[in-house]
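Please arrange chain B on chain A, whose structure you already have, making use of the hints.
The chain contents come next:
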Amino acid sequence: MKRLYLPSHEWVLADQAPHAVGISDHAQHALGDIVFVVLPAVGDPVTQGERFGDVESVKAVSELISPLSGKVVAVNEALLSAPETLNQDPLGTWIIQVEGTVNEASLIDEATYLAMDKD
Amino acid sequence: MDKHTPLFAEHEALGATMVPFGGFIMPIQYPKGILTEHKAVREKAGLFDVSHMGELTLKGPDALANLNRLISNDFTDLEIGKVRYGILVRADGTAVDDLLVYKRNVEDYLIVVNASNTDKDDAYFQANLKGHYAYANASADYGQIALQGPMAEFILRLLTDRIPEAYYSFIENVTISGISTLVSRTGYTGEDGFELYCAAKDTVKLWKVLLETGAPYGLEPCGLGARDTLRLEAGMPLYGHELNDETTPIEAGLKFFTKLEKPDFIATEALSQSPKKRRIGLRLIDRGIAREGSDIYFNGQCIGKVTSGTMSPTLGQGIAMGYVSPEVFSETLFELDVRGRRLKAEKVKLPFYKK
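Protein chains in written order, with the working numbering: chain A, 567 to 685; chain B, 133 to 487.
Be aware that a few hints might be false.
What the simulated footprint calls covered on chain B by chain A, stretch by stretch (three residues with Cβ under 8 Å from a Cβ of chain A suffice, anywhere in the stretch; the number is not a length) [said to hold, decoys possible]:
1. 247-259
2. 297-311
3. 439-445
A short list of chain A residues far from chain B (calculated; beta carbon distances all over 12 Å) [to be verified]:
4. Ala596
5. Ile600
6. Asp610
7. Pro611
8. Thr613
9. Glu629
10. Val641
11. Glu670
12. Asp683
These are computed hints drawn from the structure, not numbers from a lab. Ideal Cβ placement from N, Cα and C applies to all residues, glycine included.
So that you can see chain A by itself, here it is in the shape it has in the complex (with noise of 0.2 Å):
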């Protein structure tokens, strides 16, 4: 499993068709409890570095911002019932799958992102 990151916390699994799209483990710690989520549409386009929805904790809303480009194939409908799946599960809860190609290149390797002096 090739799981690359951006350095806003958003990772997605490079080596899987359709790519699964989450938030990481020091996403979730930081934003604190998560309370809602808000979802893109299936059959939205979704572009590198920019928005697809947000992140809500009590604390504070965070947008999420997509590793690819692509077309939203499935959303993960079971997050607007239970939020707090991404605050047990981070890597192993996915948001969004997404059909299109990820730039490696412009992605940081999971070795990297987690050595990162991250804020």
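Chain B only, in chain A's frame:
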């Protein structure tokens, strides 16, 4: 730059996330998180460091006249051992702060104010007090801890039998583990509970004994995050949000705490005018969270702004408070702009949650 309360090291030891607030570095949450802390207060009990609050003392033959002249409520019939809420106002009716007044004895009052406003309030009192009085800012002398929730009384009874019975009453010189405290049956959560005042140097000991005594009964240390969601559910204003230097207590819906009939009140004339805006409570019908700054729409027109909003942990729904123009105050259906999405919301009577 930011000050520490006497409990700073305790919060660090408990793994709290610390943030600047009102000139202090305060815990926003402990490792279990805001939802756990919120639930603890609604179902069992929570312990809050509120030592950042300011304490002012006012004594002397003209103390009462000064309180009644500068603060919205009427303190004439306030009995010794009782607490009363009010809004410190200017002559134009705008709020300097909201506060609690404790009557400790004849001509002897303790005034408890918001941390972020302590210096402003202090300057306002110094500039406006008249006659024969003794006034002091004693904020640095006090530690303050809030014990809140349905188990609060049970936990406190394990430490003392001197418990104030009535809401908004207090007892002084209550000894808890050798510490002299003022025990006040007040709070900012919408639950039964107490606020305990002690000498600053005793705060750590009091915090530890309360935490140890309560832990077996579900007591959790709670930060500012839970304090905010709890007070929001309880519909209580927070200075800097629902109250500020441009807002009057009438606009804020605090008429009950504003007595215009009393003689020699600084803002009687200003507060007799019709309000320019009105505070409302909103429950989101669409799923989402409208936070501070979201525009409020009625019939496609922007007629107000949200001042506080969150996902209510108890109701599982978005709730918000905000101000709208008086013409739409009696309407029920509004729309809130949340980053470009228009969410439907209905006006509801405050509080959102009542125990």
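Hint-by-hint comparison with the structure:
1. 247-259: Result for this restraint: violated, n = 0.
2. 297-311: violated (count 0)
3. 439-445: holds (count 3)
4. Ala596: A/Ala596 is in fact no farther than 12 Å from some Cβ atom of chain B, at 9 Å.
5. Ile600: violated, 10 Å
6. Asp610: holds, 14 Å
7. Pro611: Answer for A/Pro611: holds, closest chain B Cβ roughly 17 Å.
8. Thr613: Holds: least Cβ distance 17 Å, greater than 12 Å.
9. Glu629: Label violated. Min Cβ-Cβ 9 Å, cutoff 12 Å.
10. Val641: The assertion about A/Val641 holds, with a minimum of 14 Å to chain B.
11. Glu670: holds, 31 Å
12. Asp683: holds, 18 Å
Comparing the model with each earlier hint shows violations of hints 1, 2, 4, 5, 9; every other hint is respected.
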